[in-house]
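A.B. asks: So you can see what is in the structure, the chains are spelled out below.
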Amino acid sequence: AQTVTQSQPEMSVQEAETVTLSCTYDTSESDYYLFWYKQPPSRQMILVIRQEAYKQQNATENRFSVNFQKAAKSFSLKISDSQLGDAAMYFCAYRFTQGGSEKLVFGKGTKLTVNP
Amino acid sequence: DTGVSQDPRHKITKRGQNVTFRCDPISEHNRLYWYRQTLGQGPEFLTYFQNEAQLEKSRLLSDRFSAERPKGSFSTLEIQRTEQGDSAMYLCASSLATGKQFFGPGTRLTVL
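Taken in sequence, the protein lines are chains A and B.
Residues in the first sequence are numbered from 1 upward in steps of one, following the working numbering.
Residues in the second sequence are numbered from 1 upward in steps of one, following the working numbering.
If you're looking for bench data, these hints aren't it; they were derived computationally from the structure.
Backbone N, C-alpha and C define an ideal beta-carbon position, used for all residues, glycine too.
Careful, some of the hints might be misleading.
As the list claims (entries may be wrong) - Facing chain B, from chain A, some residues (calculated, C-beta under 8 Å):
no., residue
1, GLN44
2, TYR54
3, GLN57
4, LYS73
5, LYS78
6, PHE91
Claimed, not checked - Dumping the calculated PhoX-like pairs for lysine-lysine here, alpha-carbon to alpha-carbon at most 25 Å:
no., chain 1, residue 1, chain 2, residue 2
7, B, LYS100, A, LYS108
8, B, LYS57, A, LYS108
9, A, LYS111, B, LYS100
10, B, LYS57, B, LYS71
11, A, LYS73, A, LYS55
12, B, LYS57, A, LYS70
13, B, LYS100, A, LYS78
14, A, LYS55, B, LYS71
15, B, LYS100, B, LYS71
16, A, LYS78, A, LYS55
Stated by the list, open to error - Simulated DEER-style distance windows between Cβ atoms:
no., chain 1, residue 1, chain 2, residue 2, range
17, B, ARG9, A, THR97, 42 to 48 Å
18, A, ASP26, B, GLU68, 15 to 21 Å
19, B, ARG108, A, GLN57, 18 to 24 Å
20, A, THR18, B, GLY16, 30 to 36 Å
21, A, SER80, B, LYS57, 24 to 30 Å
22, A, MET11, B, HIS10, 25 to 31 Å
23, A, LYS108, B, GLU68, 38 to 44 Å
24, B, PRO70, A, THR113, 32 to 38 Å
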């Protein structure tokens, strides 16, 4: 079964510094998608970044980048130049497809605090 | 705002009552998903629609839960005979074939 593990329940970072959030996953598939979502307090889930497993190049979106290690089944998120607005729960997710159906399997999340 | 809307945003009900939630996806998205999120946890998949066809229903859903997506547009999620364990945030998401799911703001259900 596909599982997603986020081993850091909470992380903190100083404003303008860099932080890395960890995620590992388990799958027997060779082609899949991985995502990071951000959920600010009492606000809706926002897609941060997507990585396609067949692409060797790590995805980047402005201050957000990933370190995708396919063999190690590791998918970490790096936030550079952290801002107060980055404070949120961050969820790593794996897109599972089977028999015409699809779903996201989420980790338990990492709560990121940004200190001024 | 992702373009996915959900109604109501909050619902308080008494145990045993029926409740219905609505989700309006991004208009051109043919794929629609329902998830449930409890405090301190990541969302858990409930069900998936491609157009009007419900292609998967999670084993998490008891027979008290039903979802529809008539005409492949908006979707409804109904919970019959609510129980306190149903208290959670119910999230709707939609996507194209790209796999990028866009989430609505959720409906927070409290069962007293």
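A.B. asks: Now, for every hint given, state plainly whether the structure supports it.
C.D. replies: Evaluation of the provided hints:
{"no.": "1", "hint": "GLN44", "in the structure": "4 Å, holds"}
{"no.": "2", "hint": "TYR54", "in the structure": "13 Å, violated"}
{"no.": "3", "hint": "GLN57", "in the structure": "18 Å, violated"}
{"no.": "4", "hint": "LYS73", "in the structure": "18 Å, violated"}
{"no.": "5", "hint": "LYS78", "in the structure": "20 Å, violated"}
{"no.": "6", "hint": "PHE91", "in the structure": "5 Å, holds"}
{"no.": "7", "hint": "B/LYS100 x A/LYS108", "in the structure": "19 Å, holds"}
{"no.": "8", "hint": "B/LYS57 x A/LYS108", "in the structure": "21 Å, holds"}
{"no.": "9", "hint": "A/LYS111 x B/LYS100", "in the structure": "22 Å, holds"}
{"no.": "10", "hint": "B/LYS57 x B/LYS71", "in the structure": "19 Å, holds"}
{"no.": "11", "hint": "A/LYS73 x A/LYS55", "in the structure": "14 Å, holds"}
{"no.": "12", "hint": "B/LYS57 x A/LYS70", "in the structure": "30 Å, violated"}
{"no.": "13", "hint": "B/LYS100 x A/LYS78", "in the structure": "20 Å, holds"}
{"no.": "14", "hint": "A/LYS55 x B/LYS71", "in the structure": "36 Å, violated"}
{"no.": "15", "hint": "B/LYS100 x B/LYS71", "in the structure": "22 Å, holds"}
{"no.": "16", "hint": "A/LYS78 x A/LYS55", "in the structure": "18 Å, holds"}
{"no.": "17", "hint": "B/ARG9 x A/THR97: 42 to 48 Å", "in the structure": "31 Å, violated"}
{"no.": "18", "hint": "A/ASP26 x B/GLU68: 15 to 21 Å", "in the structure": "33 Å, violated"}
{"no.": "19", "hint": "B/ARG108 x A/GLN57: 18 to 24 Å", "in the structure": "39 Å, violated"}
{"no.": "20", "hint": "A/THR18 x B/GLY16: 30 to 36 Å", "in the structure": "51 Å, violated"}
{"no.": "21", "hint": "A/SER80 x B/LYS57: 24 to 30 Å", "in the structure": "41 Å, violated"}
{"no.": "22", "hint": "A/MET11 x B/HIS10: 25 to 31 Å", "in the structure": "30 Å, holds"}
{"no.": "23", "hint": "A/LYS108 x B/GLU68: 38 to 44 Å", "in the structure": "30 Å, violated"}
{"no.": "24", "hint": "B/PRO70 x A/THR113: 32 to 38 Å", "in the structure": "44 Å, violated"}
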